[in-house]
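Peer 1: Okay, here's what each chain looks like letter by letter:
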Amino acid sequence: MGQKFRQFIDNFGYTRIVIILFLFVLLVSAFALELQIKSLLSGILIRTGMNLLLTLAMVPSIQSGTGLNFGLPVGILCGVVGAVLSIAMNLTGGQAFFAANVIGVLLAVVAGYVYGLLLNRVKNQEMLIGTYAGFSVVSGMCMFWILAPFRSPKMIWPYGGRGLRVTVSLEDTFGGILNKFLFRPYKWIDIPWGLLGYVLIFCLFIWLFSRSKTGIAMQTVGSNPRFAEAAGISIDGMRIVGTILSTVLGAMGILVYAQSYGFLQLYTAPLYMAFPAVAAILIGGATVHKASITHVIIGTFLFQALLVVALPVTNAVLPEGNLSEVVRIIISNGIILYALTRIGGGD
Amino acid sequence: MKNAEIKTQQKRMQFMPDIKKGLIRNIVPVVFAVLCIIGACIAQARPLFLLSSVTIRMARNLLLVFSLIIPVVTGLGLNFGIVLGAMAAQIALVAVTHWEITGISGFIVTALLSVPLSIFFGWLTGRILNRAKGNEMITSMMLGFFANGLYQLLFLFVLGGIIPMVNKTIMLPSGIGIKNTVALRGLKYALDNVIKIEYDDLIIPIFTFIVIAVMALAIKFLLQTKLGQELRCVGQDMNIAEASGIDVDKMRITAVILSTILAAWGQLIHLQNIGILQTYGSHEQVGLFAVASILIGGATVTKATIGQAILGTFLFHSLFIISPMAGQKLVGEPQVGEYFRAFVAYGVIGLSLGLHAWQKQQAARNKFEE
Chain A
1 MGQKFRQFID NFGYTRIVII LFLFVLLVSA FALELQIKSL LSGILIRTGM
51 NLLLTLAMVP SIQSGTGLNF GLPVGILCGV VGAVLSIAMN LTGGQAFFAA
101 NVIGVLLAVV AGYVYGLLLN RVKNQEMLIG TYAGFSVVSG MCMFWILAPF
151 RSPKMIWPYG GRGLRVTVSL EDTFGGILNK FLFRPYKWID IPWGLLGYVL
201 IFCLFIWLFS RSKTGIAMQT VGSNPRFAEA AGISIDGMRI VGTILSTVLG
251 AMGILVYAQS YGFLQLYTAP LYMAFPAVAA ILIGGATVHK ASITHVIIGT
301 FLFQALLVVA LPVTNAVLPE GNLSEVVRII ISNGIILYAL TRIGGGD
Chain B
348 MKNAEIKTQQ KRMQFMPDIK KGLIRNIVPV VFAVLCIIGA CIAQARPLFL
398 LSSVTIRMAR NLLLVFSLII PVVTGLGLNF GIVLGAMAAQ IALVAVTHWE
448 ITGISGFIVT ALLSVPLSIF FGWLTGRILN RAKGNEMITS MMLGFFANGL
498 YQLLFLFVLG GIIPMVNKTI MLPSGIGIKN TVALRGLKYA LDNVIKIEYD
548 DLIIPIFTFI VIAVMALAIK FLLQTKLGQE LRCVGQDMNI AEASGIDVDK
598 MRITAVILST ILAAWGQLIH LQNIGILQTY GSHEQVGLFA VASILIGGAT
648 VTKATIGQAI LGTFLFHSLF IISPMAGQKL VGEPQVGEYF RAFVAYGVIG
698 LSLGLHAWQK QQAARNKFEE
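Taken in order, these protein sequences are the chains called A and B.
Just so you know, the working numbering puts 202 at position 202 of the first sequence, and the rest follows in order with no gaps.
Quick note, the working numbering runs 347 ahead of the 1-based positions in the second sequence.
Source of the hints: derived by calculation from the structure; they are not laboratory data.
The reader is advised that the hints may include incorrect statements.
Simulated coverage check for chain B against chain A, where a stretch passes if three residues somewhere in it have a Cβ under 8 Å from a Cβ of chain A [unchecked claim]:
#1 442 to 452
#2 479 to 491
Lysine to any residue pairs mimicking SDA-like chemistry, simulated, CA-CA at most 20 Å apart [what the hints assert, rightly or not]:
#3 B:LYS480 with A:PHE144
#4 B:LYS480 with A:GLY334
#5 B:LYS707 with A:ASN120
#6 B:LYS480 with A:GLU325
#7 A:LYS123 with B:GLY701
#8 B:LYS535 with B:GLY450
#9 B:LYS707 with A:ASN124
#10 A:LYS123 with B:LYS526
#11 A:LYS123 with B:ALA710
#12 B:LYS714 with A:ASN120
#13 A:LYS123 with B:ALA704
#14 B:LYS676 with A:ARG342
#15 B:LYS480 with A:VAL288
#16 B:LYS480 with A:THR341
#17 B:LYS676 with A:ILE146
#18 B:LYS526 with A:GLU325
#19 B:LYS676 with A:PHE144
#20 A:LYS123 with B:PHE690
Even glycine gets a Cβ: it sits at the ideal position worked out from N, Cα and C.
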């Protein structure tokens, strides 16, 4: 009995158990503090939908063997450029969102290909190099945001100041376009069916892809590169496919995020955006070598639930300072650190 | 006559590859030196101003950059975890500011106090890095981020919240947590002021440079001793070191502890010159800037020397001063220059780590094919 219990815990993952216990404590204290449960639950759903695609972007990169995609900002910036261009073209509503996605995806395919070529040259060190590739692309783009010749009054400073604003409001372009679509308030919870449906379609797509011939080849490269080579699969090619997919999902993910947040964040904002996504999929039970859609959904839900509930609870307990932000830093970085110490082997 | 011509030509041909080889071997510092010179020409900066700014920044940062050398020699790569050393220094600084010990004695107390803290932090870092062999650099980077969370927890909530601490000048008005900026009035220039030369704008903190030089010699000496030999042996090949009876894990932990202590002292020298502690920001970029500096000096993941550290610190901080000025002149926007130097810092780390990984991969492939 005891051994079976231990085996169950090992399979389930310590991190997940710790997070679930912590979340449980927070929820109980939320009840005890008589916080608005309805707004908390609805908040969890919206935040989960908002972040799901960014977490999903980790799946192809893990499956193809390049590990956690710390270079996610590369994809994110493609999406941001797509959005900026669609605003510059004076599009609004669904058209703007669609155009931003099309441009973002096209850019992400190119950027993902180049990024994939880079990762193929630095095998075993993809995560480290990816982190710094992402960081340098973000700071390189900062120069672009200042110097870019955009004239749209929605994006430049109202008076004086050069370059684009730090945050661009999406209110009269595509802000909330998915959140408002099929939004249904119920007695206990508000469910954004449109947002959840949209992101779940992409989860389904990635799931179907992993069942396709290319998808299986890609996973073989990730899990057993020698066998893949013997079977005549191009290792480098499949890794590039995985990286492109991950980058494309990053681009689409940031657009979902931005429409829900209501603002497009430029300059240094994308710098650390890979870390919450990485933490989320690890909380879901993924490792550096193995990830599935279930990990994405469970992980994003747990991580976002934790953040949503922690904020009002900690504020009620300790109004001074920003305890929930500190807790977020400790949890997300702690979980990534834990996963890194469990890779084992090395080279 | 013809013979002589051929001979000179031969000589030249022998000589040319030497220059070419030297250039290729030192391509990174050469590129950055060229960048600095171009930037300085564009910015039209006064040489004396440049010289004095670079001198101060060298005094502030050299020891932090030196602290990276020992882990590189031991094969741990670039230790982004020196952030923890900086944190140890800042914890000691807050304590000493709280006790109001000033001047050089205050500085010495802080330096001593930071040692047990950094031994503890270094021991923890070393143990974690031993569990992540082959991924030390990204692990040490994530460890820095993680430790930053714990550091904020300590300074924002534990001090005054759980550990009672009453001091109006450094605590937030609520009595819980340390202020965002703590003025280090008693410690400002504590080390610099012992001996320094002032000439017009140029200030040379001679004593600080002497301390830094002593540290550099100490590192050099340490690497010659038996301990140093063992560290180097671990760095060359862990399996061989293990076979020859060296406790590899212990050596790696020792290297990280030494690095963390040096980083703590480095951060102290840095902050006594600035005179203000940004409680929640001073340590954040320490690892990034130090690593970028040593790489610009031509160091790699497996090889780093004092000379490379000095050259790199000089070039990196010259670029740091010049690029906003050049940005101002070139496009009328100093911000462009600031983003440019962030781009350079991140880019040079990515590029040189990437090149190293690529070379390693190719070497492995060549070996396989043989």
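Peer 1: Does each hint hold? Answer for all of them.
Peer 2: These are the hints, each one checked on the structure:
1. Counting residues of the segment 442 to 452 of chain B whose beta carbon lies closer than 8 Å to any beta carbon of chain A gives 0, which falls below the threshold of three, so the coverage claim is violated.
2. Residue count for the segment 479 to 491 of chain B with a Cβ under 8 Å from a Cβ of chain A: 10. That meets the three needed, and the coverage hint holds.
3. Under the criterion of a C-alpha separation no larger than 20 Å, the hint pairing LYS480 of chain B with PHE144 of chain A is inconsistent with the structure, at around 38 Å.
4. With a CA separation close to 18 Å, the supplied pair LYS480 of chain B and GLY334 of chain A stays within the 20 Å bound.
5. The hinted pair formed by LYS707 of chain B and ASN120 of chain A meets the criterion: a straight-line CA distance of about 13 Å does not exceed 20 Å.
6. Between LYS480 of chain B and GLU325 of chain A the CA atoms are separated by roughly 31 Å; this puts the pair beyond 20 Å, and the hint is violated.
7. With a C-alpha separation of about 10 Å, the suggested pairing of LYS123 of chain A with GLY701 of chain B holds against the 20 Å cut-off.
8. Proximity of LYS535 of chain B to GLY450 of chain B is assessed by CA-CA distance (about 8 Å); at most 20 Å being required, the pair is judged to hold.
9. Only pairs whose Cα atoms come within 20 Å are accepted, and LYS707 of chain B paired with ASN124 of chain A is accepted, the gap being roughly 10 Å.
10. Among the hinted pairs, LYS123 of chain A with LYS526 of chain B is inconsistent with the structure: their alpha-carbon atoms are about 44 Å apart, more than 20 Å.
11. Restraint check for LYS123 of chain A and ALA710 of chain B: satisfied, since their Cα atoms lie roughly 13 Å apart, inside the 20 Å limit.
12. Simply put, LYS714 of chain B and ASN120 of chain A have alpha-carbon atoms about 18 Å apart, close enough for the 20 Å limit, and the pair holds.
13. The suggested pairing of LYS123 of chain A with ALA704 of chain B holds, with an alpha-carbon distance near 7 Å, which does not exceed 20 Å.
14. Using a Cα cut-off of 20 Å, the hinted pair LYS676 of chain B and ARG342 of chain A is violated, with the two alpha carbons roughly 50 Å apart.
15. For the proposed pair LYS480 of chain B and VAL288 of chain A, the alpha carbon gap of about 15 Å is at most 20 Å, so the pair holds.
16. Taking the CA atoms of LYS480 of chain B and THR341 of chain A, the gap is about 8 Å. The hint holds against a cut of 20 Å.
17. The hinted pair formed by LYS676 of chain B and ILE146 of chain A meets the criterion: a straight-line CA distance of about 15 Å does not exceed 20 Å.
18. In summary, the hint linking LYS526 of chain B to GLU325 of chain A is supported, as the alpha carbons are separated by about 17 Å, within the 20 Å threshold.
19. For a cut-off of 20 Å, the pair hint linking LYS676 of chain B to PHE144 of chain A stands: about 17 Å separates their Cα positions.
20. Proximity of LYS123 of chain A to PHE690 of chain B is assessed by CA-CA distance (about 24 Å); at most 20 Å being required, the pair is judged violated.
In terms of the numbered hints stated before, the structure departs from hints 1, 3, 6, 10, 14 and 20, listed from lowest to highest.
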